[in-house]
Each structure stands twice: as structure tokens, then as C-alpha cells.
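Dock chain W against the given chain Z, drawing on the hints supplied.
If you're matching them up, the sequences are chains Z and W in order.
Take the first sequence: its letters are residues 1 to 456, numbered as in the numbering used here.
Take the second sequence: its letters are residues 1 to 419, numbered as in the numbering used here.
Since the hints were made in silico from the structure, they are not lab data.
Don't take every hint at face value.
Once the Cα atoms are required to be at most 27 Å apart in a straight line, the calculated BS3-like pairs of lysine-lysine come out as [as the list claims (entries may be wrong)]:
(1) Z:LYS210 to W:LYS316
(2) Z:LYS94 to Z:LYS159
(3) W:LYS22 to Z:LYS94
(4) Z:LYS253 to W:LYS10
(5) Z:LYS385 to W:LYS10
(6) W:LYS135 to Z:LYS395
(7) W:LYS25 to Z:LYS210
(8) Z:LYS7 to W:LYS25
(9) W:LYS25 to Z:LYS94
(10) Z:LYS330 to W:LYS10
(11) W:LYS260 to Z:LYS91
(12) W:LYS260 to Z:LYS94
(13) W:LYS260 to Z:LYS330
(14) Z:LYS118 to W:LYS260
(15) Z:LYS330 to W:LYS316
(16) W:LYS10 to Z:LYS364
Going by beta-carbon spacing under 8 Å, a handful of chain Z positions derived as facing chain W [stated by the list, open to error]:
(17) PHE18
(18) ASP20
(19) PRO22
(20) ILE24
(21) ALA70
(22) THR72
(23) GLU97
(24) THR218
(25) ALA295
(26) ILE335
Which bits of chain W does chain Z cover? Going by a derived footprint, with three or more residues having C-beta under 8 Å, they are [unchecked claim]:
(27) 13-24
(28) 36-43
(29) 46-60
(30) 70-82
(31) 375-382
Note that the Cβ used here is the ideal one computed from N, Cα and C, for glycine as well.
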Amino acid sequence: MLEHAVKSELITIVGDRFTDAPEILACYAYDSFLEESMPDAVIFPQSTEEVARIMRVADRAGVPVTARGAGTSVCGAPIAAEHGIVLCFSKMDKILEVNTADRYVVVQPGVINGELQKALAPSGFFFPPDPGSMNFSTIGGNVALNAGGPRCLKYGVTKDYVLGMQVVLASGKVVRFGSKNIKDVTGYNFTSLFCGSEGTLGMITEVTLKVIAKPETTQTLLVTFADLDSTAKAVSDIIGSGILPVSMELLDKMTMNAIEDAVNMGLPREAGGTLLIEVDGTREACDRERSQIVAKVQEHNVLAVEEAQEEAARNRLWTARRAAYGVFAKIAPDILSEDVTVPVSKVPEMIRRIYEITGKYNLKAGVLAHAGDGNMHPLICADRKNREEWQLVKKAFREIFVAGAELDGTLSGEHGIGLAKAEFLPLVMDQQSRDFMELIKKAVDPNNILNPGKFV
Amino acid sequence: MRESSGNCGKCGICLSVCPVYKVLKEEQASPRARVQLIRAFEDKRLDSSPLLKELIAKCLMCGTCAATCPSGVDHYSAFMEMRSRLIDDHGDRFEIRGLVYLLAREGRLRTAMGMARLGQGVLPDRLAARFKLGKIAVDRFPKLNSKPLRKTVPQEIDPAGDGPERGTVLYFTGCASNYIYAETGEAVVGLLSRLGYRVIIPPEQTCCSVPMLYHGGVEQALTNIERNIDAFYREDIEAVIVDCPTCGSALKHEFSAMMKRFDKGEAIQEKAAVIAEKTIDVMSFVYRHLAEMRFSGQAPETADGAVSYHLPCHLKNSFVSAERVLAEIEEIDYVATGDVAECCGGGGTFFYEYPEVAEKIAGSKIDNVRRTGAKIWLTDCPVCRINLSARLEPTDEITMMHPARYLLARLVDVVVDGN
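Only chain Z is shown next, with the shape it has when bound in the complex (with noise of 0.2 Å):
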């Protein structure tokens, strides 16, 4: 709860944007992860000047403050772990400013990604970073998430996009990073260390990003193999040999048959693995491409290829692979998904790894990745109220993520650490390291108001 005098401070700069009513607390207290925290309050701010109100009152008064953009972290970045307020940004959702010109646009945190993926296309600009939330999370949620996707094997993450930011520090001061210049080296690159900084240095409340001129085309490939340690190889092989598809998208069979029985749209049943490929460029750039993945394919006990040129064939593959996190939905109560991470060589073998301790504990997983930049998504299907199951189901993930620092990975592609990975961050990160970390963020926030609670 917060004092009484706290509260009617916040009233007095948000107004009727400030709610403490339980029913409405309780639609704050999740994200797309599994665990829970209710906030004490939800605030929704309209202006920067609001937020820089809102910082000096919480810092002064000790209350811990954490960003919220549409709710759809994996990982629980958004949860209020130690109470006090969420400071939802949905609301403040402009787009500021869309220059294709000099290729930038001005956004405020709340902007859905997919929304300005719509006031780009008719200039013929997109903002690379896809992911499978992206018609419904935010450009705030994304940049302090730094969020991937499949099309981030060509053109890389949210990170590489960002050439500038407005942000308020703990103690309400109000400060610029970056400018409107695809290239700037002046003082340190504080845009990169904000981007998956999950709401615990400051709060984003404008952005500039990067954008790029659509490529004149797109061909999609649908892939088949008779098991999956050769759909794998098949993955290293090509990246290996210079090709770079956009996206390489890989689902092993119980995935397939678990979109196919939600979506029943006639995908391949029987394949041990599937690649769905996408390549882009000019039109002879993506048919030459196209061809050396047809025939590099060939070598690795391939069932079938599917092409898809047509927009609306296209859209239905990649509407299937969508639909995979909330397909695991219906065969469990719960699921749990994580996004470890290896150097693309890797990935048959880190593939077999996390079959053999799926295997082990007899749990009920699949293993669905962007492949080409070795970002696995171990799924397992479970039920919290079962102990014994989901005591198993811990055990299977924290050797997965030993497997993954085996093989020089590491714990997140693209999801963040959050609530999900925090304990696991000394398989990757030595002491001297994280105590960097730690020094930084005391520096910034010596209150620890700023999503307290989580990995740092």
C-alpha cells in the first residue's frame, strides 16, 4: 500500500490516471510469463514532464516504480516483484515523427510495434525487429527488452535500431542519448546499454529508431527433413556457407503436429523437422539465394520443399508459425519457454542436449528456434499444481541453460532475463562481471526503485 500522502501526490499530477483499485491492480500483476506480483498502484502517464513528476515522488518516498508497455514480456520484466507502482505507457502512444529521408522515426514508448510497421509501409520503410508479439507489444517494451525475432538473423535486434532515446532517471532528471544520425560516436553509446536494460536504469519515454527501405522481394521455403538432427546440420551448413537468409525458422515434429491439430491448415504431419526460410532482396538476389538453399537442402535427408512467392501463401506459413506459443496452451495448462542461445554451429548440438534431458525427465517438450542465429525455444508443457512435474521441469531448464553455457551460448536470444533467468545469470556472467553491472546500476538508481527485485 502506498501512504496516503504519496498517493494524493501522484493524484495531483496524474489525475484520474492513477488507480489503486484491486480489480484493476490485479490486470497488472501478469505478463505473458508465469509468475505474479500485484502492484500497489497503476499509473498511466501522458507527457515526459509526467514521468519526471512521478520519479522525484517515488524516489523521494522510496517506492519502487516499473515500466509496463502492453504486458507481453516472457519473462516477467514487467512485474511488479516488489509492489509499489507500474508506470504503464500504453497510453502514451504517438508517433512523433517519420522521416524515410533521413531514415529515422520519433516514437513514444507505447507506439505497437505493428502500428508503425503500418505508417511505414506506404513510404516503403519497415523497422526490422519482429517479434512474435509485434501486433500487439510496444516500441518501449521492445527497446527495453531489447526484442528479436525471425527477420533479426539478417538484419539483427532492436538494439541495432535504436539511434536515440529520451529517458527519465530515478531521481526525475531528464536526460538525451544518441541524435537523429545513423552514425554517432559522441561520449559513451548509452542508447546500447538502455536497450535490454528491462526498466532498471530509467524510463524510456521517446525513442528514435533506425528504419530501412523495404526489399523489393520476399520468397518463403517450407523445408521438411526425415528427422531432426539433419533439419539442424542442415541449419549450420548453409549459414555456414555465406548464404543469409532473412529468417530461419526451425519446429521439430511435436510442434508441427501441435499448430497443425490448432490450425488444421495442412502442414506436414510425418517430417522429423521443418525449416521455414525466408529469403529477400532484389529478384535475382533472392532466386540465386533461393537455389543454393534448394540444393545445399539436398544433403540432408530432405522430404519435400514448398515455395511460397505469393504474399497471401506466405502469410499463411508465417501465420502457423505465429500461432506456436499459444498452441503449447492447450496441451498444458502451463508453459514454460525459454530462449537460450549458441553460436549457429551449435545448434545440432544443442538440439540433441535438450532432447536427451527433456528425454530424461520423461517431460512433455518441444524444441522450436529461430536456427539461423542459434536462438533455441525449448518449450515444455506442464502443470504448475503438479509439484513433482514442475520440480522436473526446473531441473530440465537449468541443465538446459548448463548446456547452453557449455557450448560458449548463452541464457537469452531475445526474451530477457526478468523473473525467469535471474538465478542463472553466474553460468554466463563471472562475479567481476556482474559486479560492473551492479556498480552501474548504483550509480544510476542508489534508491533501487527501478524494477527492483530482478536481475540486478
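Just chain W now, kept in the frame of chain Z:
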């Protein structure tokens, strides 16, 4: 309820399709939140309260979340049951209770509509323009039929034209065609008989029950559903035709679901299943026969021939968009808006209960249809039509009507195979 809200993985896909969330941008206005609130209530983490009732009820019941959910959560049924529970605890607005009372008995409805018609006649125009219901001036609402459709059209209509009789269909008129838009009903009958069908309008039919189900009138709904099942169960008919997609969704889903939920016995459940199987919206029925139909190149009632369309949510989620009919007829100059499938914000009584939200949702649809330049705007659902047409300016000179009426006006001939 467990199965219907149980497996929500909180992924958030529903946020991208919910018309209310898109406008309000608040989690508490999202389908995901409603599912979580129902869970919290069932787990006794949240008490029943007027605010909880409002959060659950601030929903258009368009069903698009359920149709989109990858985890198969049945939001629609879960919300319907929860609304009913909370209305039991906290009541409903006086005027909504009144509506449920009227719809529960055909006789009451007939009397009330008669009186309302009188009211429309005596209310001075100036007063009507100033008196607003759900942010819409009363004089922008449609005039009521001077006589209910079912009183002016015979109970059985012979097939028209020279072709052979193709079969018999039953027509569920719904309250809207019966009391407000007689022209729609007349057009449905006209199209069906021109296609060679014998049309029967069972006189015992009554309100489909959806308004009651949304507003806690479960008992009344059950009575109406059982009466309708009796009236529409006939083995020898080809189809049960609806012109209102919401009534249609009730015949297709709710009749059978309610008979099952309240254990009404196998016999009536089977009858409900047969009705569900045979229920089809009039435009999908026309689509089956499109190849036989010949249309005039001349557009009726306007110089500018372009026509646009709004897809009602319940048509989208329970049947198929009538856009395919318009797009396939060469003689029709159909211009689609980019947001043809977006909700209009009508949602039964939603536009009356939450006028600010409805106004925002409808606003962009209106802007977009203006941009097309079309002077005829078609939509199947009477609530969409009331909600949208009332927000058009007289200077727009845009006429709204059911696609059935438009098609009948353009229909020149029906050429049956071998004829």
C-alpha cells in the same frame, strides 16, 4: 467455466484484435484481463463488486478474441456466464432490465414497439435532436416499422418466377427486421422466392435470446430458446435463413450450448443441433446460387454507383463475410475500406452503455467510408447499422442498407440450370 477460461497462456494475441482495448489501451479493457479477472474471482482472490461487473461488461461481445485465440479459450461463453453472475449480484441498469423484460415476451415487445412508434410521432424534432441516447441524437435513430414485418408478410410465400420449386426454407426474421427494418425482411423474402424457394416464416418465433444472455436473463433466454427450437425444428427444410448475424450466431451456437448446459434432455439437444446445422446467413445462401443470378449494371437510388461494406463481427466469427458476394458480381462497383472487418463499436447495447468508447471505435470507420466516395454502405447487422448510420452526417448522403436489399434491387434474372 474451467475449460473455457482455463488454458489462457496470457500471450496477449487477443489485445491485437479487441476493439475496446485498441481504443482504450488499458489492460483492464482487454479479453486477457477479463479471463484473468474471472480466474481471480473463481479462486476467491477477488470479490464480486460493481467495478468487477463493469470491467467484465465493458465488452462488445464480438467474439473476435475467442475466434483468434491460439489456446482455444472460449472467452465468449466465459464472459456471458460471468456477466450473468455479476448482474445477479449487482443488478443492471434500469433501462437494460426493461429491455430484457420486453424481449422475453413477444406480446410485450409488440405493445412496447407500438407505443414507441407513437412516441416517435409526437416527440418534436427539435427535442429529438437534442435528447441523446449513447451520444446519438434520438432523431438519428431509425423509424420503427409502421406494422411489424410478420404482420404484413404472409406466413408462407410461394416461389416466384417460372423456374421449378427448389425447396423450402424457414426464415428467422429477428426483432430488427420485424420491428425496425421491414425493408430488409422484404428483401430476404424477395431474394429467396426469386431463387425458387418456398419461404415459411414460423409465427411462433420470438427474440433469439442473445440480449438476455448478455444481460443476465438466463431464465427468460431459456424459455425463448425452447420456443424457437420448437418453431424451427423441421427435418424436411433445406435451411434456416437469418438476416441478422447475431441472431444467427445464437441459432448456430447458443441454442445448442444452452440446452446442453442446462441439461434440457437429449431430444431437444438433438433438435437444436439440427437447427444449428441448417442455419445460414442469407448472403452465404445467396452466394451458393450466385452463378445463377444476373444483375443489372445500373445502380439503384444513386447516381454514383460505388458501394462499400462493413463486416459485422458476428458474421465474421460465425459465418462468412458477404464481401465475397459483392466482390464477385462484376456489375457492382465495390470499393473496400481498409478496415472493412474492424468492429464498429455497436455491440448490442454497448454503444448505449459506453458511448465514448463506441464513438471512438465508430469514428475511424466513418472517416474511412467517406474516403471511398461510396454513397451506399452495406452491412448485415442491424445494430452495426443503427450505430453507424446515426453517426453519419446528413451531408454525407450515404445510405445504409442490408446487402440483401441492395442485391434484390440489382437482380434482373435467375437462370436455373436446364431452364
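Evaluation of the provided hints:
no.	hint	result
1	Z:LYS210 to W:LYS316	37 Å, violated
2	Z:LYS94 to Z:LYS159	21 Å, holds
3	W:LYS22 to Z:LYS94	14 Å, holds
4	Z:LYS253 to W:LYS10	24 Å, holds
5	Z:LYS385 to W:LYS10	17 Å, holds
6	W:LYS135 to Z:LYS395	58 Å, violated
7	W:LYS25 to Z:LYS210	25 Å, holds
8	Z:LYS7 to W:LYS25	23 Å, holds
9	W:LYS25 to Z:LYS94	12 Å, holds
10	Z:LYS330 to W:LYS10	12 Å, holds
11	W:LYS260 to Z:LYS91	43 Å, violated
12	W:LYS260 to Z:LYS94	48 Å, violated
13	W:LYS260 to Z:LYS330	23 Å, holds
14	Z:LYS118 to W:LYS260	44 Å, violated
15	Z:LYS330 to W:LYS316	23 Å, holds
16	W:LYS10 to Z:LYS364	20 Å, holds
17	PHE18	13 Å, violated
18	ASP20	12 Å, violated
19	PRO22	7 Å, holds
20	ILE24	5 Å, holds
21	ALA70	6 Å, holds
22	THR72	4 Å, holds
23	GLU97	21 Å, violated
24	THR218	21 Å, violated
25	ALA295	35 Å, violated
26	ILE335	6 Å, holds
27	13-24	holds (count 3)
28	36-43	holds (count 3)
29	46-60	holds (count 5)
30	70-82	holds (count 3)
31	375-382	violated (count 0)
Of the hints listed earlier, those the structure fails to meet are numbers 1, 6, 11, 12, 14, 17, 18, 23, 24, 25 and 31, in rising order.
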